[in-house]
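A.B. asks: Here are the chains, one letter per residue:
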Amino acid sequence: MPLPATQPNVRVVTLKIDDLDLSAREDETLIEVCRENKIPIPSLCHLDGLSVWGGCRLCVVELEGQNRLLAACSTRVAEGMRVHTNTERLQRYRRTLIELLFAERNHICSVCVSNGHCELQWLAQKCGVDHVRVPYRQQPYPVDSSHEMFRLDHNRCVLCTRCVRVCDEIEGAHTWDVMGRGSDCRVITDLARPWGESDTCTSCGKCVQVCPTGALVKQGTSVGEMVKDQHFLPILARRRHAR
Amino acid sequence: MSRTLTIEPVTRIEGHARITLQLGDGGEVEDAKFHLTQFRGFEKFCEGRPYREMPALTARTCGICPVSHLLASNKACDHLLSVSIPPTGEKLRRIMNLAQLVQSHALSFFHLSSPDLLLGWDADPASRNIFGVMRQDPALAKDGIRLRQIGQTIIEMLGGKKIHPTWVVPGGVNEPLSQEKRDAMLALLPEGLEIAKRTYAFFKALVPKFQDEANHFGNQPTMFLSLVTPQGNLEHYDGLFRLKDAQGRILEDMVPPEDYERLIGEAVEDFSYMKFPYYKPHGYPQGIYRVGPLARLNNANTCGTPYADVALAEFHMLQESGPIASSFHYHYARLVEIIFGLEMMERLLKDPTILDHRVRARARSNRYEGIGVSEAPRGTLIHHYRIDDEGLITWVNLIIATGHNNLAMNQAIRQVADAYVDGNDLKEGMLNRVEAVIRCFDPCLSCASHAFGQMPLHIELRDRSGQLVDTLSRS
Chain F
1 MPLPATQPNV RVVTLKIDDL DLSAREDETL IEVCRENKIP IPSLCHLDGL SVWGGCRLCV
61 VELEGQNRLL AACSTRVAEG MRVHTNTERL QRYRRTLIEL LFAERNHICS VCVSNGHCEL
121 QWLAQKCGVD HVRVPYRQQP YPVDSSHEMF RLDHNRCVLC TRCVRVCDEI EGAHTWDVMG
181 RGSDCRVITD LARPWGESDT CTSCGKCVQV CPTGALVKQG TSVGEMVKDQ HFLPILARRR
241 HAR
Chain X
1 MSRTLTIEPV TRIEGHARIT LQLGDGGEVE DAKFHLTQFR GFEKFCEGRP YREMPALTAR
61 TCGICPVSHL LASNKACDHL LSVSIPPTGE KLRRIMNLAQ LVQSHALSFF HLSSPDLLLG
121 WDADPASRNI FGVMRQDPAL AKDGIRLRQI GQTIIEMLGG KKIHPTWVVP GGVNEPLSQE
181 KRDAMLALLP EGLEIAKRTY AFFKALVPKF QDEANHFGNQ PTMFLSLVTP QGNLEHYDGL
241 FRLKDAQGRI LEDMVPPEDY ERLIGEAVED FSYMKFPYYK PHGYPQGIYR VGPLARLNNA
301 NTCGTPYADV ALAEFHMLQE SGPIASSFHY HYARLVEIIF GLEMMERLLK DPTILDHRVR
361 ARARSNRYEG IGVSEAPRGT LIHHYRIDDE GLITWVNLII ATGHNNLAMN QAIRQVADAY
421 VDGNDLKEGM LNRVEAVIRC FDPCLSCASH AFGQMPLHIE LRDRSGQLVD TLSRS
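So the sequence lines, in the order shown, correspond to chains F and X.
Per the UniProt record's numbering, the very first residue in the first sequence carries number 1; after that it's consecutive.
Per the UniProt record's numbering, the very first residue in the second sequence carries number 1; after that it's consecutive.
With the rest of the complex left out, here is chain F:
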């Protein structure tokens, strides 16, 4: 659900985030304003250069006057908003969300090729996840290693859909999509064919670079060796929008 593109003439609004008086363009989202002003806000699905998904819910914030929590990535700023990004309630929710992600699939950091370079691991450390309080499902998920250059491990997927969006919006191939519901939900290539047999995949590797975990990795990497580089994304995204 992409937000509409930036308009040339937009108004500026004033708002308060964590007791800081700020101004922002009215077409900006809360997460954009937070990041511009160095206010830390966790997120797994949001990535600068891709459309908004709002799926991970880690960027939830509290808005004064509303009991409902709002995802900062999909909420536009408004005049007079008073936002809190790091309350005790939010910390509790975020920690629980991360624990649920760890419990749902098999994220064994110590043997993962992304160990030390993983956004989920980093967020878990930031949010104080020293143990998981819900029982692990321990459901084994398959590994698709059919691609010549890359590998997909569903055990480490958090369904952020960054791969789906980058493939569709930046590469234009739309090789990736999502199928299934609930815990059976998983990302697929070309109507659930093995990745190595995909007719549409251009092997550009953008999906691998934007994946926040060790779900999409390069073949031939050993533990801790998969370092991702996402600098290309805002540059390509700006060039695409300029056209």
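Treat the hints with care, as some may be off.
Derived list of chain X stretches under chain F, where covered just means 3 residues or more per stretch with a C-beta under 8 angstroms from a C-beta of chain F [what the hints assert, rightly or not]:
hint, region
1, 54-65
2, 165-171
3, 382-396
I should point out that these hints are in silico values taken from the structure, not numbers from a laboratory.
Given the structure is predicted, the values throughout are model-derived calculations rather than measurements.
Virtual Cβ for every residue (Gly too), placed ideally from N, Cα, C.
Here the structure of chain F is known, so what remains is to put chain X in place on it, guided by the hints.
C.D. replies: Frame of chain F; chain X shown alone:
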């Protein structure tokens, strides 16, 4: 009246085990068994994983000897890649393996076994531990801790961390050695060698006092299996199989590691989760053999380093002829290997090519089956994997160093129990000797199965009907 005596858990070993002694009507030992009481299932849950994860996955088998698993697993992966790793990469792997040998042997000798040797078998269990050694002989305890620290520090300098480093990768290692690190490691070694030589001299003088234990602690005729260099010398990282019989005759020599299945079969008994490997041509259980420091020194022509070769010559003088049979002398062999490890590390670090930047061969999997064998501190370690077209594991077989000694350990506790245990007058010191013979082998049961903390020693004497006759507790 027949009774069963249970020692559970066995203390000051790595892992969790139980010993049962079946006593006859007259209080004599009728049977003795060593039970491994936990199951882990690494071979099964690794299935479906990419083979490149195997080194890190299987290293989690153990926190004491993860480097051994890391190396054997990476060698199996090298085999899958069908590559020869760059010579400097191999030398760096060797250094890490030797550093682990030093730290693990130091742990076994100083922390786990020296309390028995220094304080005596009948000493109060409350003080018969490394803290008791600290009180009795602080210099010895300090030496032990320092020696282990030296080994661990070298592992950390090479691999980034002391336990479960990931620096060794299929095809070599992922980072060359810097000059600063090389110099820092070289600076550690002279002190380590001094400690090793001092401890060796101390123990050599002590050995004659333990003649009775040497006669009864697993003093049994078995074969010995280890890797040796193509010249037949001491080897820990690579090499070829050599198997000697109890008389010292070479039964198998220069057997490539890939042919291990021709030599070794694995039997299963219902009283233990640990398998019972045996020498196939002799069948089960006649194919009993031992591995580890004792086997390696019995099989090697020479060590290849000056002090270790002198110590090896003295080691062979422990017995008039033939391979050294008593498992008590595992301790002696361990000290010889510590000296060897330190000397060999120094030699490798002074090699002018050790700072070479070409340390890794890159390739994809080029075969469906890979076998990696190395010498862990406790003996020969075998990793064997099969993969599918996509490089995912379809089958795993791990033969752990401790497992090779399973038959021998069972025989050894029977021998010690026969010699020392009197069911009519049960004393703690008797049972400690039964445990101590297991410590000679330095079993790593976390590797062979599972490690789950330490519990108090509890021994129960029961009659055939299960009635409790006597108990002995150590908390």
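A.B. asks: For every hint, state whether the structure bears it out.
C.D. replies: Outcome of the hint check:
Beta-carbon proximity to chain F at under 8 angstroms applies to 4 residues in the region 54-65 of chain X; the threshold of 3 is reached and the given coverage holds. Counting residues of the region 165-171 of chain X whose beta carbon lies closer than 8 angstroms to any beta carbon of chain F gives 3, which reaches the threshold of three, so the coverage claim holds. With a threshold of 8 angstroms between beta carbons, the proposed coverage of the region 382-396 of chain X by chain F holds, since 3 of its residues qualify and at least three are required.
When each numbered hint is compared with the structure, no violation occurs for any of them.
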